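Visitor: Read off the chains here:
Number of protein chains: 2
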Amino acid sequence: MAAVEGGVPTRIMVAVNESTIKGYPHASISSMGAFDWTLKKIIRSNTSGFKILLIHVQVPDEDGFDDMDSIFASPEDFKRMKHRDKIRGLHLLEYFVHKCHEIGVACEAWVKKGDPKEVICFEAKRVQPDFIVVGSRGLNPFQKVFVGTVSEFCIKHADCPVIAIKRSTAQTPQDPVDD
Amino acid sequence: MAAVEGGVPTRIMVAVNESTIKGYPHASISSMGAFDWTLKKIIRSNTSGFKILLIHVQVPDEDGFDDMDSIFASPEDFKRMKHRDKIRGLHLLEYFVHKCHEIGVACEAWVKKGDPKEVICFEAKRVQPDFIVVGSRGLNPFQKVFVGTVSEFCIKHADCPVIAIKRSTAQTPQDPVDD
Numbered sequence: 001m002a003a004v005e006g007g008v009p010t011r012i013m014v015a016v017n018e019s020t021i022k023g024y025p026h027a028s029i030s031s032m033g034a035f036d037w038t039l040k041k042i043i044r045s046n047t048s049g050f051k052i053l054l055i056h057v058q059v060p061d062e063d064g065f066d067d068m069d070s071i072f073a074s075p076e077d078f079k080r081m082k083h084r085d086k087i088r089g090l091h092l093l094e095y096f097v098h099k100c101h102e103i104g105v106a107c108e109a110w111v112k113k114g115d116p117k118e119v120i121c122f123e124a125k126r127v128q129p130d131f132i133v134v135g136s137r138g139l140n141p142f143q144k145v146f147v148g149t150v151s152e153f154c155i156k157h158a159d160c161p162v163i164a165i166k167r168s169t170a171q172t173p174q175d176p177v178d179d
Numbered sequence: 001m002a003a004v005e006g007g008v009p010t011r012i013m014v015a016v017n018e019s020t021i022k023g024y025p026h027a028s029i030s031s032m033g034a035f036d037w038t039l040k041k042i043i044r045s046n047t048s049g050f051k052i053l054l055i056h057v058q059v060p061d062e063d064g065f066d067d068m069d070s071i072f073a074s075p076e077d078f079k080r081m082k083h084r085d086k087i088r089g090l091h092l093l094e095y096f097v098h099k100c101h102e103i104g105v106a107c108e109a110w111v112k113k114g115d116p117k118e119v120i121c122f123e124a125k126r127v128q129p130d131f132i133v134v135g136s137r138g139l140n141p142f143q144k145v146f147v148g149t150v151s152e153f154c155i156k157h158a159d160c161p162v163i164a165i166k167r168s169t170a171q172t173p174q175d176p177v178d179d
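Sequence lines, in order, name chains U and A. Residue numbering for the first sequence follows my numbering, starting at 1 and increasing by one per position. Residue numbering for the second sequence follows my numbering, starting at 1 and increasing by one per position.
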């Protein structure tokens, strides 16, 4: 067993999502942290040794609160709404893909809809990354009961190793549930 | 933010322990797996970009079962026993340090006594690695109640990110509690 020269790159799945505090199309603090950490601590200068698989899971907006000021009068309106969601997801991924290209590390990116924790595990089973990097808000046990955490679920249920990167204290917003 | 060229290497703490099935001084299946995974998937050919911090925590043999066939007749006997424990720990680390030198990746190694999960977290706070890699037997929930798991405790309590590497099914011994 020796360290690998060349060969198949290590495939890292990085789960990214939108911020709940900053407007469209900003990435969340924790997913930016996880992505930056992966570049700085794992990939470093060895850009040809890795491939980043960026996944963004959109939660279907069942409450419709986002659209409270919209009027839906025709099937076209719904089509437009779906189109807008798609654009938001693509904009988010564009940010990360752009960074990958700047640095010269290969990447793939895609959007899925559903419950993020379950979709991440499902997609990990499908594309078989070497490991998953996921951001974590580092909530306390009380907050976790009400909010749930994607990282803990993935650590328990994903088929591959998972590394959760917590936000630093300096980056934690006033309400730690925000991200 | 760009991938790092040169600079301070990424410091990876790898926790290693002795096998419960093979005789002295073999490493456990899960810690060998975690170490090999780190070389193959993270360090790859970028040996100058990383430093491995090898920690081995020896559990004090309070039951004394290991020494049931020994007779302790003098203070010298106890000294010899302690000396033997030390040698066992050093032999284990020697195996990993030798591999690091072969590959050309910098390393440090040390032995501590105590409860592995607590000592690993304490040492991580002290030496501040960028992340910890720890092997995991991948026990089922029922087995965990009786055996306890080092990896889950570290994921919850360590100050830095932790990645647990599960043994593959092919490597799991007949009794999965063995390692």
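Any given hint might turn out to be false.
Pairs involving identical chains hold if they fit within one copy or between any two copies, as the list cannot separate such chains.
Claimed, not checked - Computed cross-link-like contacts, SDA-like style, restricted to lysine to any residue with a CA-CA straight-line distance of at most 25 Å:
#1 K51 x F142
#2 K125 x P161
#3 K82 x Q171
#4 K51 x H83
#5 K99 x T172
#6 K86 x Q171
#7 K144 x S74
#8 K156 x P173
#9 K166 x V8
It is worth saying that the hints were derived from the structure and are not from the lab. In this text the structure is predicted, and so the values were computed from the model without any measurement.
Visitor: Now look at each hint and say whether the structure bears it out.
Guide: Do the hints match the structure? See the list:
Taking the shortest alpha-carbon separations for K51 and F142, neither the intra-copy value of 37 Å nor the inter-copy value of 37 Å comes in at or below 25 Å. For a Cα distance limit of 25 Å, the shortest separation of K125 from P161 qualifies both inside one copy, at 12 Å, and across copies, at 23 Å. Proximity of K82 to Q171 under the C-alpha cut-off of 25 Å is found in neither arrangement, the shortest distances being 32 Å within a copy and 47 Å between copies. In the homo-oligomer, the alpha carbons of K51 and H83 never lie at most 25 Å apart, since the shortest distance is 29 Å inside one protomer and 47 Å across protomers.
Proximity of K99 to T172 under the C-alpha cut-off of 25 Å is restricted to the intra-copy arrangement: shortest distance 23 Å within a copy versus 40 Å between copies. Taking the shortest alpha-carbon separations for K86 and Q171, neither the intra-copy value of 28 Å nor the inter-copy value of 44 Å comes in at or below 25 Å. In this assembly of identical chains, K144 and S74 lie within 25 Å of each other by CA distance neither inside one copy nor across copies; the values are 40 Å within and 56 Å between. With identical chains, the CA atoms of K156 and P173 are at most 25 Å apart between copies only, with a shortest distance of 22 Å across copies and 27 Å within one.
Taking the shortest Cα distances, K166 and V8 sit within 25 Å of each other only across copies (21 Å), while inside one copy they are farther apart (29 Å).
In terms of the numbered hints stated before, the structure departs from hints 1, 3, 4, 6, 7, listed from lowest to highest.
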